[in-house]
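Put chains A, S and W on the given structure of chain F with help from the hints.
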Amino acid sequence: MAHNSHSSHAADHSELGHIIPFAVYRNVLIILLILTIITVAVSRVDFGVLNIVVAMAIASVKAGIVAAYFMHLKYENPIIWIYVLFPIILLFLMMGGIFVDNPTRRDPKIYYEVPAATENQSATNH
Amino acid sequence: MFRYLPEQASDFAHKVDWINNLITDISVFFTVAIVGSMIAFAIIWRKRDGKDHETPRIEGSHFLEAVWTIVPTIISIYVAAYGYVIFDEMRDIPEDAPTVNVTGQMWRWDFLYPNGKKTTGELVVPVDEPVKLLMTSRDVLHSFFIPAMRVKMDVIPKQFTSLWFRPVKTGEYRVFCTEYCGRDHSSMLASLRVLSKADYERWLNDRSDEAKAARMKPADLGKELYTQKGCNACHSLDGSRLVGPSFLKLYGKEEALADGTTVKVDENYLSSSITNPNAQIVAGFPPNMMPSFAGQVTDDELFAMIEFIKSIEEPQQAAPAAVVQEDAAALAAMSPEQRGKRIYETKLCITCHSLDGSPLVGPTFKGLYGKSGKLADGSTYVADEEYIRNSVYDPASKVVEGFAPAMPSFQGQLSEEDVKDLIEFLKTVK
Amino acid sequence: MSHASAQPLKGPPHIHHMDSVTAYHAAKLGMWLFLATEILLFAVLFTAFAIYRWYNLEEFHAGSHHLNWILGMTNTAVLLFSSFTAALAVDAGQKGNNKAVVKLVGVTIACGAIFLIIKYFEYSSKYHHGYFPGQANYLEFKNFLGLYYCMTGLHALHVIIGMGLLTWVLLKAKKDRFSHDYYTPVEIGALYWHLVDLIWIYLFPLLYLVG
Amino acid sequence: MNAHSDTAHHEGKNYLNHERGLWSWLTTTDHKRIGLLYLYSILTFFLAGGVFALLMRTELARAGADIIQNPEVYNVYFTLHGVLMIFMFIVPGIPATMGNFLLPLMIGAKDVAFPRLNLFSWYIYVIGAVMAGFALIHPPDTGWTFYAPYSIKSGSSVVLMTAAAFVLGFSSILTGLNFIVTIHKLRAPGMTWFRLPVFVWGTYATAVIQTLATPVVGMTLVLLLMERVMGVGVFNPDLGGDPVLFEHLFWFYSHPVVYIMVLPAFGVIGEIIPVFSRKPLFGYKAVVFASVAIAGVSFIVWAHHMFVAGISDTAAKVFSILTFGVAIPTAVKVFNWVSTMYKGSITFATPMLYAIAFVFLFMIAGTTGIYLATLATDVFYHDTYFVVAHFHYTIQGGAVIGLIAALHFWFPKMSGKMYNETLAKIAFVLVVVGFNLTFLPQFVLGMEGMPRRYYDYPPEFQTLHTISTIGAFINGIGYTWALLNLAFAALFGKVKAPANPFNSLSLEWQTSSPPPHENFHTVPEVTDYPYAYGRPLSYENH
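Chains as they are written, first to last, in the numbering used here: chain F, 1 to 126; chain A, 1 to 430; chain S, 1 to 211; chain W, 1 to 542.
Among the hints, a few may not be true.
So the derived list for chain F, only partly shown, Cβ under 10 angstroms to chain S, looks like this [unchecked claim]:
| no. | residue |
| --- | --- |
| 1 | T39 |
| 2 | V66 |
| 3 | I98 |
| 4 | N102 |
Keep in mind the hints are simulated off the structure, nothing from the lab. Predicted, not measured: the structure shown is a model, and the values here were computed from it. C-beta: ideal position from N, C-alpha, C; glycine also.
For reference, chain F alone in the conformation it holds in the complex (with noise of 0.2 angstroms):
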């Protein structure tokens, strides 16, 4: 469980980092690149709503091949998985408690314009 070996001798190359050979970093850099070129294409096609899935579904494929290979995710330990994980969960967790308040708000609107304390009559909610 821990990593708290008795001996301070020089360890054993196989208990430090994986290696990747030259051929698979190659051709992540190809795979990114192209996917980019995917990116700015798909961006030209409506999606409509979609559009921003699309570009973030695309990006985190990229983000996942960064992680996976440039950064030997793939070959850590799970501990560093949970810990990769962590954060992205967070990050949902905080959008969605935001979102789940600002569009259901009665008057989901911030007014650029001040009305003036007159005019608020004509601020309605619903």
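For chains A, S and W alone, kept in the frame of chain F given last:
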């Protein structure tokens, strides 16, 4: 036990109090039970005679863990559900409720009624009718809190929030600002007056004050405000120096300020001096003497005041108080305390001496009579009749510690009889 | 660490309270945790972006069309390439090839510099057209541009910090410090650099393309 | 626990005297010394924050203006009280002091994973504190919550103060990160996860929150700063910003932060009660899971600070229900502590007295929390004195009492001396009596509708305010007394502490008092969990 919530003045108040009291009872029960058993354990199984006795190695119990997970869960769900349901009712604004607009501003509350009537610092609503408040702010966050109605909602600039309630009894209730909003947060108060339906209708349609103000020239309105708001206590119209600078030929003058800079007295300076008097103090005058009138005067009144000050080009006698002179017979018919109160109001004692305990420019009159204390020169005083009489005629001779010698003498303005009446009045202010 | 003088030039430094394998894994876990905090730093901005985009969809669309997507894409490519060289630098470190580490890290830093130069041109063009906070045209897209500056500004700051970190790695590699059983700084520096890349992978479509 | 006994005589060398001089302290990487550096720093700010509290209470003793003539000054005082107590005292509070000192000792490590980073965090903390000190030139008056848009408009040095809070937060992140790695990587042989003392578990849960929640508030404060300096339009409603968003982001950190303060205190209580009851901690695993559950749930309940802040009714309902989720693990912990005392052999040493008081105070804190989680009642109580009292019961009654209990409990280990028990008990009585006298009346004030952050109040509230002020002074005297007693014992105490004066089984007591620089002369082997007190019920071993 522990029933401290204020009186219930809205129709859902008793429901809020019900759930509140339920929580109180549950809390008290569990606190007493748990803390009680802890103390009992501590006493029963205390170490005796300085020797440890053998203890069993009890490491836990799945059954008990389950019990004290499930029981609090059930109680939580029960309380949460009722809190939810009652909250739902508190937030379910009736469609047909007449709307009053509430606008918060540092540090005052403005109200706008459906027929266009405006008030500041006082919200008036009819009894037994739902009323909806549609609220916003002109500057920062505030929060509108009526304890007796059990309602509260923050007020946000550039957004609208709302709340509603249905008052069930007439009377006057406090309104607090409960979201910190800067210097005078604690004086951002208002009152809620609940009237009977007939009284409310009469009040709503009585717009004589506004009409009068609208008819007047701004400078004339300003003149009236000069005495009404008690400016005359500290600012003369004839160039004489009182607590604050005279208004004579004030407009357009270059004033040297206490911080060494100079300022030209223009509309901006006058306006900020009324709403934020301590920001720019004229050299030679004491700071922190003048209370802020922010929230106490409307924009129109502010404008009128400035117009009035601009108009003082020639020395003038201080205008007589705008209060109608009572005829002698009416005065004679009053009790001494009533006459004293009249003097307190018309002679502008009211400007500097509060009745509610708050220190203004001078000490409060609340509980003053008979009180003893320290004077600025280190000696002590007892506020008996002689002391008060002396303070009216020769105020500078005995100044209470912590206050500035700001009060003018009333020699020649108040007769001995008047002072006696005033003392009688003071005796009643406890 | 009083034994610093006794430290061998090559190989893991002597750490008094744990062995070198544990030290390597501890450093990596620590770095990943730090990256987690960085993700949350940006999470705030993403959340704010999401909610203001919901409020002002039109403004965000229009604002994003004011950005130069070609420059954005160029920068994406530059960062991706720099990430690639950073990953190769770790590979070189794993093999104890200090010369390669120097070269690859050098290229990575240079890519960071190119990124910043392009970013500078983007900012200055915005400034000249009056789209900076406080300038005349800013109010047109205030929410979008406000978040654009905050997000790209914070990201640029991370690029600068990353370049600093990699410079430190480069100097160590120049002194021939790394070996197959000690290359922790290369890996740590590269991890940080990859994060900079990761964030940009999201910022580019979000700001330049979709809006 | 059959840990290697390690108290052998080592010719009087320990972490306090193996190196001497101020410089050796300022450059130390020894976690024990860094813990003490933190301790001295936070206690300084505790004192300063306490002075501001007493100034406020003095002003509030009577209605109207008394010692403070200008409300602005009062507003500055409560802001500084909050900033000092939250950011500079209680957040680093137990984790950075006791956590730093004890964590490696308790898991049988020689130090934390990154000793130099640990020292660096302290320096960052000092830099943050100095920045906050410079902010005093024009002290902020926004309240420690820095709510927009007042914090954007206020003329005071909000920029410097928020920057200071950001820097202090960075220090907190680095400490948390260091602890997580330490617990994962440096446990002694045999120290499995379920043999960790509950204090370590509490610190671990805290460290997770420190590491993952602090960046959120850091960025939020940076955005506020940008808003002030450049006017980017994120929180300023005049530029289309939503001030309520600031509150969301602020509380996303600042709710979990109360668990940063109180989870380690839970751990402290979980250590003290078994030792002085000579009983195993009842339901060890339940206590551990409760800590982890509290840390987890703490991230999804933040908006209960905002039920009337203008959030939607839907959001209020969702967050109210989630909030009740915190109540359950907290209740489980209380039940387990009390059950631990059942059939014990209980000694009333000062730490135990504080632990018992903690349970009592925390019961009140917890149950009054129910009013604030329940929607219908929170509408009334929000931003009244009820909240002030509830908060102080959790943080002062919880975290501060926990810290004081910990200081007394581990004092022999930290200083190698014993303190005067009688004087400590007198201080205990003053603290507990003074504390309740201060804050019980504030519950009543809140129920009567007294709003918080008021410089002045209607006269009908005066009696309770006066009582509260008297209590505050007694409380202040109590803390000063307790700390002076300890300081005196550390400096001039004659009674040397044995290695294990309270006969505890956990690892930190198995080394000498004070511990040697290396913590343990030989690496300890752990064979059992640290609560194996009492006569075994059966012969099965752990």
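Taking the hints in turn, this is what the structure says about them:
1. T39: holds, 5 angstroms
2. V66: With Cβ-Cβ at 6 angstroms, under 10 angstroms, it holds.
3. I98: holds, 6 angstroms
4. N102: Holds. Min distance 6 angstroms.
In this structure, every one of the numbered hints holds.
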